[in-house]
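What follows is the residue order along each chain.
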Amino acid sequence: MKFFIEDLPILFPYPRIYPEQYAYMCDLKRTLDAGGHCVLEMPSGTGKTVSLLSLIVAYQQHYPEHRKLIYCSRTMSEIEKALAELKALMKYRADQLGEVEEFRGLGLTSRKNLCLHPSVKREKSGSVVDSRCRSLTAGFVKEKKERGEDVDLCIYHDNLDLLEPHNLIPAGVWTLDGMLRYGEEQKQCPYFTARRMMPFCNVIIYSYHYLLDPKIAERVSRELSKDCIVVFDEAHNIDNVCIESLSIDLTEDSLRKAARGAANLEREITQLKETDADKLQNEYAKLVEGLREADEARDEGAFMSNPALPDDLLKEAVPGNIRRAEHFTAFLKRFIEYLKTRMKVLHVISETPPSFLQHLKELTFIERKPLRFCAERLTSLVRTLELTNIEDYQPLQEVATFATLAATYDTGFLLILEPFESETATVPNPVLHFTCLDAAIAIKPVFDRFSSVIITSGTISPLEMYPKMLGFTTVVQESYSMTLARRSFLPMIVTRGSDQGTISSGFQTRNDPSNVRNYGALLVEFSKLTPDGIVVFFPSYLYMESIISMWQGMGILDQVWKSKLILVETPDSQETSLALETYRTACSNGRGAILLCVARGKVSEGIDFDHHYGRTVLCIGVPFQYTESRILKARLEFLRETYRIRENDFLSFDAMRHCAQCLGRVLRGKDDYGIMVMADRRFAKKKTQLPKWISSALMEADANMSVDQAVATAKRFLKTMSKPFPIRMQEGISTWSYGDLMQHQEKLGAERDREMRMAGAYEEGYEGVHGDQVMQEAQHAEDMIDDDMDDAMLGMDV
Amino acid sequence: MSRLAQSAFVPAVRREARPAGSDSPDEICPVCKSSRYLNPNLRFLVNPECYHKMCASCVDRIFSHGPAQCPIAGCTRTLRKPRFREQTFEDLKVEREVDIRRKVAAVFNRREDEFEDTRAYNDYLNDVEDITFNLINGIDLEDTERKFADYERAHADEIKENAELESQEQSSYRVLQKKEREQIRLRREAARREEEEDKRLVEENRREQLRRLAAGQDASVVEKDGQQVQLKRRMDRRAAEERQRQLHARDAPPTPVTNGATPFIKGLKQRKGKEAEPPVDAFDGIRYKHQYYSLQDDYTYSFLDNAKKDARILAGGYNVHEYNERALADAFAGLGVFIADEVTERAKLSHDIEVPTEMAATEAQDVKMEDPV
Ligand code: SF4
Ligand SMILES: [Zn+2]
Ligand SMILES: [Zn+2]
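If you read the protein sequences in the order shown, they are chains G and P. Count the first sequence with UniProt numbering and you get residues 1 to 798, in order. Count the second sequence with UniProt numbering and you get residues 1 to 373, in order.
If you're looking for bench data, these hints aren't it; they were derived computationally from the structure. We treat Cβ as the ideally placed atom computed from N, Cα and C, and that holds for glycine. Hints are supplied without guarantee of correctness; some may be wrong.
Here are the in silico distance ranges between beta carbons for each label pair [claimed, not checked]: (1) F447/G with A154/P: 36 to 46 Å; (2) S64/P with T270/G: 22 to 32 Å; (3) D33/G with E189/P: 46 to 56 Å; (4) C75/P with I155/G: 55 to 65 Å; (5) R591/G with R18/P: 40 to 50 Å; (6) D236/P with D249/G: 19 to 29 Å; (7) F447/G with E166/P: 54 to 64 Å; (8) A215/P with D512/G: 55 to 65 Å; (9) D157/P with T270/G: 19 to 29 Å.
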């Protein structure tokens, strides 16, 4: 289908378009035109990716700036899917335009997924692959080879140098698979092909980390220009990704390894002094001048890079007392010893970086400034020493990163030392958490650098939360509802059992037999009435285990067993994938199955239960976070102090976004149907926090039901669903053909005209409207204050 | 509800901690051979004289009666009991290193703000580190120690001054930190109070509604009223809080700890480019301003024509312009003095001196002579 949005011609690779897709594209275009950031929530299964790609590609090709698209997704499979969509889109465009456009689209993932070297690719761990690859490709190894020494090189990497540097791979869109195949044919490394071709690509698709993890971003994404369009897809968890990328955990074991690493460095230095003292002298001279980085800008394989140092600092010379290599190793050793002594403390400590530094200085005479340069200096040293087995130095690298971060940021971080694993443990097993509390730190460079950042997901409500937490402003902020020709999904809130007793996973009542029995009854009833698959989400593993064992005692599982197979998610990913496989088989062959899983587990995030794989999703309890965690408490406090987000608001928001994720699992398209049950009395007050597309489908009457009412409604719903529903009945309502779209545009145009004419008249009524709005907002705030929030605060989930 | 960081901030390493270097359970005292395996309370001490480790009871036994030789074979140092202490670091080498650093840091305590450029400061740091490193590893020991002593002697005053500065900074930093912690605590409490207040209000409202329902009023009306009341109350309070907050924000000093302005990194000395030397001013700033006339560049006055052109006069440096100036100054010399005014002025000194003169000036404008001739 070809149509115009304002002056922009768009080629959409399907004959029909959903109304929300059209709206989504319009808002995207508005954002790009205005040159700002936006947050968009698009219901799951409505073709978000394809609308995004077709709009942006059209935008790129139409306007002379040819802004590059950087599309970030979370997992390998999502990247691959997006690449496939892009490929299909480009093919469609070529068919329509009658010529193949000059266009490049590439995906990038880690070496582990893209390596072709026969022995390296067999390594299991990503860091080992990285390190072995480095030992086969680093510049100094190549030099050695040229000098005639006997060293191994990777032929796949070498072959790249024989090609034209800007044309390593023919134009077009390459899926990861396609890259691998091409690489194998041409004997060239797909990883480095992608890395080196990045400046010449129109579209780059890779994982979040290449932009958000400052250690990687600095190296991979440095050269991307300012006018790139950055998209974060499935971004509902983006704040956690940001935080994780800057948080570091140190254990006694990792410190020991780091100390060993430092000792190794020392040995290497003495060796090098005997064999080739000039190298060290050269490095020293360079550091004196502050010339570092000048010549290494293009070092692809650098050991690590600096985590989030302000630019002006990067230009400064390394402090004098860590300039000499041996001084620096002594410095590292001292720092590690200090950390070891801190680990010996037997009570919980939480302190801010400045107070940590103060104490560090008192005890070891380590100043802040050299500490700041730790990561930088270590990289330089590793390069000078030409080390190849860098995976051995990973713990040391972690310590250095920690040092740099602690010395750079006064706020937004906290050190928490937990000497014992749990409250009851007696043998100390200390962990030093250096946790980032402020999601905005990691993502700030992205917002600073790129003019348009688009944050989008199926469930990203409430929209205002994200700009607040990540510290940016939006030009467009929109949530779309799902247009449906018939009501194809049924959200319900069940607050009571058949005996009218309230049900809740709240702390006080969660293990009451009557409560558990009511949950059991709910499960039994739905297992009877639902065809094929049911997915059940619990707030935590611990609660799931306890409730399952209670159900076992009550004979509930036996009843469920009659109609469905029961499968359980475990923290072990292999077991879980086996369970999933069995689940799918059982759903496909008609036996039907129930999958019991956890709202924050793997299943809730990445796995789709489309069509018969999931007809009902049961959310048992509000999935609050475990609030006794010190790290979470610290973060809550930080959010309150810095962004004025109240603790309860955040906890509730976080629980509901996970809940929405879970609910969204069963509905993966417009021809899909499913039942969504939220079973907890506390949901009744939280329905405003659901994404718009779910909450608008939630009838007032369905928002406060007992189990038997819910069962009756569900039965009725399934009956209507079982009637055949010809596609043509959706036309014009939930899907538009070209004609429908034109009609819509005309109508819009007419409306706009009318509005213009009426503008004067509106002005007067405006005050009143505004007042109403304020009142509404206040009402909303009212709803958010839960009298039973204390449940959440009392340590819900362990 | 217990919240974060009750024990926070006080880094109490020694208290309530496992002793350093206690990782192997079967550690044996090299002197009396008793092991931790048999005696879990075994404590090891070291003496910074030679850093040989031995158990506390051996220390008691051997050194209680005054200084004695270290009992470790091959060590000839004489040790005193009071100097024995528990080790802080697991690695005794680091323990020793830190002791040496303490000594060095007490002497080489120049501050970054004494230096004018980074290079110089870095070179200084490098030199200090070299000296420290030599002391630690026993390289050129004599030479280094001599250097050390020389420096100490030469810079005794500066060292003392810097040490004082340092300790001042430390204490002010502590005060600051304490204040901040207190503020955090207050804010935390305020948040908690707010929460409780909210809860109390909800509860109160509910009770009120129940009461009214019990009294037989219409349920829907009661509910609506209740909501309204609550809403209003909350909004009032929110507004009040917001005002309060804004007030506070205005009063509060700008946040003291920001990046870069912390007591750790002070930056280089503020470099003031040397001020250009001003021309010598014999009268120390007093300038003669002509108020009552304006000096023209040139006056047609036949008497001077000759002087303007005659090389004999000009060669000597005679300047007609200056002559004009002087002549005019002489002519007007007494005009600005108003004796009557000055008398009143002396009487009320509080008045601004400028005013009368200025008035005089405006008056005098009229008499400005265009052409004195
Ligand atoms: S260059 Fe490519 S193929 Fe060779 S080892 Fe590295 S990742 Fe593997
Ligand atoms: Zn002993
Ligand atoms: Zn000794």
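Checked hints:
The given range of 36 to 46 Å is broken by F447/G and A154/P, whose C-beta atoms sit roughly 53 Å from each other. Against the hinted window of 22 to 32 Å, the Cβ-Cβ separation of S64/P and T270/G comes to about 44 Å, which falls outside the hint. Judged by the Cβ atoms, the range 46 to 56 Å given for D33/G and E189/P holds: they are separated by roughly 48 Å. Range check, C75/P to I155/G: Cβ separation about 60 Å, and the 55 to 65 Å hint holds.
At about 56 Å, the CB distance of R591/G to R18/P disagrees with the hint of 40 to 50 Å. Separated by about 46 Å at the C-beta atoms, D236/P and D249/G break the suggested range of 19 to 29 Å. Here the CB-CB span from F447/G to E166/P is close to 40 Å, at odds with the stated 54 to 64 Å. Range check, A215/P to D512/G: Cβ separation about 34 Å, and the 55 to 65 Å hint is violated.
Taken as a hint, the range 19 to 29 Å is violated for the pair D157/P and T270/G, whose Cβ atoms sit roughly 41 Å apart.
This entry does not satisfy hints 1, 2, 5, 6, 7, 8 and 9, going by the numbered hints stated previously.
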